[in-house]
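> Residue-level listing of the chains:
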Amino acid sequence: MRLIELSGDREIMPARVETGSFFSTTDTEKVRQKLLELGYLQMAYEKPFTQTVYFAEPSGRTPSGGYVRLRRYTNAPSATVFDVTAGGSSWYFEGKITQGVKERLVVPAGVGLALFSDPSVRGLLKDLLPGTYILLDRVGSLYPVAATQWRREHYVLNETERATIDSSLKYFGFLPGEQKGYLMGEDSGNRLEWKSGRGIIPPLEIEGVNLVPIPPKWHEATIRKMYNEWIKAKNNE
Amino acid sequence: MSNQEKGLSTIYFSKEFPPNWEVEWKADLATQDPFGFIARARDSLGDGTFYPFTEAKSMGNMPTGLGFHHLFFHYYGHQEDSKWIRDLVLVQPPGIPVFIPQIKITAPDEIGAADHHVVSRVEHKGSLAQRVPRVRLKEYLADFEEQAGNRLSFVGTIDRQRYSIFVTNTLSGRNYSLLADICHEPRLSLGVALSQIEVEYKGISGVSYPSRLAQKAVLEEFDILAAKLLSVYESGVIKPTSITKFDWLVKQLDL
Chain A
1 MRLIELSGDR
11 EIMPARVETG
21 SFFSTTDTEK
31 VRQKLLELGY
41 LQMAYEKPFT
51 QTVYFAEPSG
61 RTPSGGYVRL
71 RRYTNAPSAT
81 VFDVTAGGSS
91 WYFEGKITQG
101 VKERLVVPAG
111 VGLALFSDPS
121 VRGLLKDLLP
131 GTYILLDRVG
141 SLYPVAATQW
151 RREHYVLNET
161 ERATIDSSLK
171 YFGFLPGEQK
181 GYLMGEDSGN
191 RLEWKSGRGI
201 IPPLEIEGVN
211 LVPIPPKWHE
221 ATIRKMYNEW
231 IKAKNNE
Chain B
238 MSNQEKGLST
248 IYFSKEFPPN
258 WEVEWKADLA
268 TQDPFGFIAR
278 ARDSLGDGTF
288 YPFTEAKSMG
298 NMPTGLGFHH
308 LFFHYYGHQE
318 DSKWIRDLVL
328 VQPPGIPVFI
338 PQIKITAPDE
348 IGAADHHVVS
358 RVEHKGSLAQ
368 RVPRVRLKEY
378 LADFEEQAGN
388 RLSFVGTIDR
398 QRYSIFVTNT
408 LSGRNYSLLA
418 DICHEPRLSL
428 GVALSQIEVE
438 YKGISGVSYP
448 SRLAQKAVLE
458 EFDILAAKLL
468 SVYESGVIKP
478 TSITKFDWLV
488 KQLDL
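Chains as they are written, first to last, in our numbering: chain A, 1 to 237; chain B, 238 to 492.
Quick caveat, the hints were computed from the structure, so don't treat them as lab data.
In this text the structure is predicted, and so the values were computed from the model without any measurement.
All C-beta atoms in this analysis are idealised placements derived from N, C-alpha and C, irrespective of residue type, glycine included.
Where hints are given, some of them may not hold.
[What the hints assert, rightly or not] Selected chain B positions facing chain A (Cβ under 8 Å, derived; list incomplete):
#, residue
1, Pro-289
2, Leu-303
3, Gln-316
4, Val-474
Bound-form chain A, shown alone (with noise of 0.2 Å):
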């Protein structure tokens, strides 16, 4: 393990209010519309799809007071097997301790998954990561569970007004000790996301499309419980 790659950062996130909503993917072109109509241009990335791995104790139990996990940014997005260690893009070790401060390291996906696993090398993230590491000596080893794959656009209005648009979710299952996991759900909707620095988000309708909220801690509880539902079913086979 080569200490040199290794490169820990604490961002401070900025205060924005955000706000979300699923859609029914037919109407994604009728929410392009509408956003390009409000003024909003649209933007995508070379590398759209973003991913991400969450970990948790054999019984379940993951760190409390923040999260860990690993993302990365790719255009070679999993369709039906979700293979941590596959090369390609990099894959970022990130932290959240409390609300709006994330830490963030880059590193090999060998090395991910042993900050994980393997409590005894968490002590290199002491001075790299302190918050994380906190949030790490909390629990013991921790494997890949879940995993979510989502494409996202970019709109943006100008400097404090912002847009996204995700599709393509799909979520993907761990069997205990793998690092491959396996389709396990896929959303039949889209998520549009508001982000202002201004504070206020006007509520927005659109025509002929049913946006539903997104209620808060929706994504994890969702993740949870697919989980749950899978791992049982993938026991009874």
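Given chain A's structure and the hints, the job is docking chain B onto it.
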């Protein structure tokens, strides 16, 4: 060691501009996600998207990687014909009562940098040895005013978080830093932010020396790299700009 061996050795690293010369190209980052931009750019540099540019793993004999810096920049200036002029920047690491003076002077554009949409200027950065403790700040500013002959006014502060990687042109051996940042003025709403990317010339691997020929070559490389960036992010993620952080600060504070 022969000159050729010296030239090929990566422990040698030369600047082709005079000392303190800063040469950079910049663009607004519309998505305001400097980490997301740099993370993707690192991978694209690795998969050949920006050929002949790739991520540099070392600068001279110094290993490099993804960098992150969080700093405060306190701007001081004066007004001339109702226009604000930047005189002095005091750089402060968060939570540390020490300031490092920095002065940037736009130099006469003798190399035609403007034709390449590149800013070239002389930058005098204070070293740690020149740091000013908070208790001596008033005295330092009074001395500065006396020497500059201008009455200094505090303009504002920029809270800057910046990600950086180093990029090398594999054909020429020239190195650049690719930076993406997000800036706030603490007195404004935290969501009002300026996000920019910058490409900054760092030096050439091997032995070289300042020359007009080399400087022209650097400007041509800026053209190539800027064109590649604008082509990869053609949907508008980045947009070339000449707005400085000081200009943005003055505008946002409505001064």
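> Next step is simple, just say for each hint if it's right about the structure.
Outcome of the hint check:
1. Hint status for Pro-289 (chain B) relative to chain A: violated, with the closest Cβ pair at about 18 Å, above 8 Å.
2. For Leu-303 (chain B), the suggested interface contact is upheld, since its CB lies about 5 Å from the closest CB of chain A, less than 8 Å.
3. Contact between Gln-316 (chain B) and chain A, as hinted, is not supported at the beta carbon level, the nearest pair being about 25 Å apart and thus beyond 8 Å.
4. The closest approach between the C-beta of Val-474 (chain B) and any C-beta of chain A is roughly 5 Å, which is under the 8 Å cut-off, so the hint is satisfied.
Hint violations for this structure: numbers 1, 3, all remaining hints satisfied.
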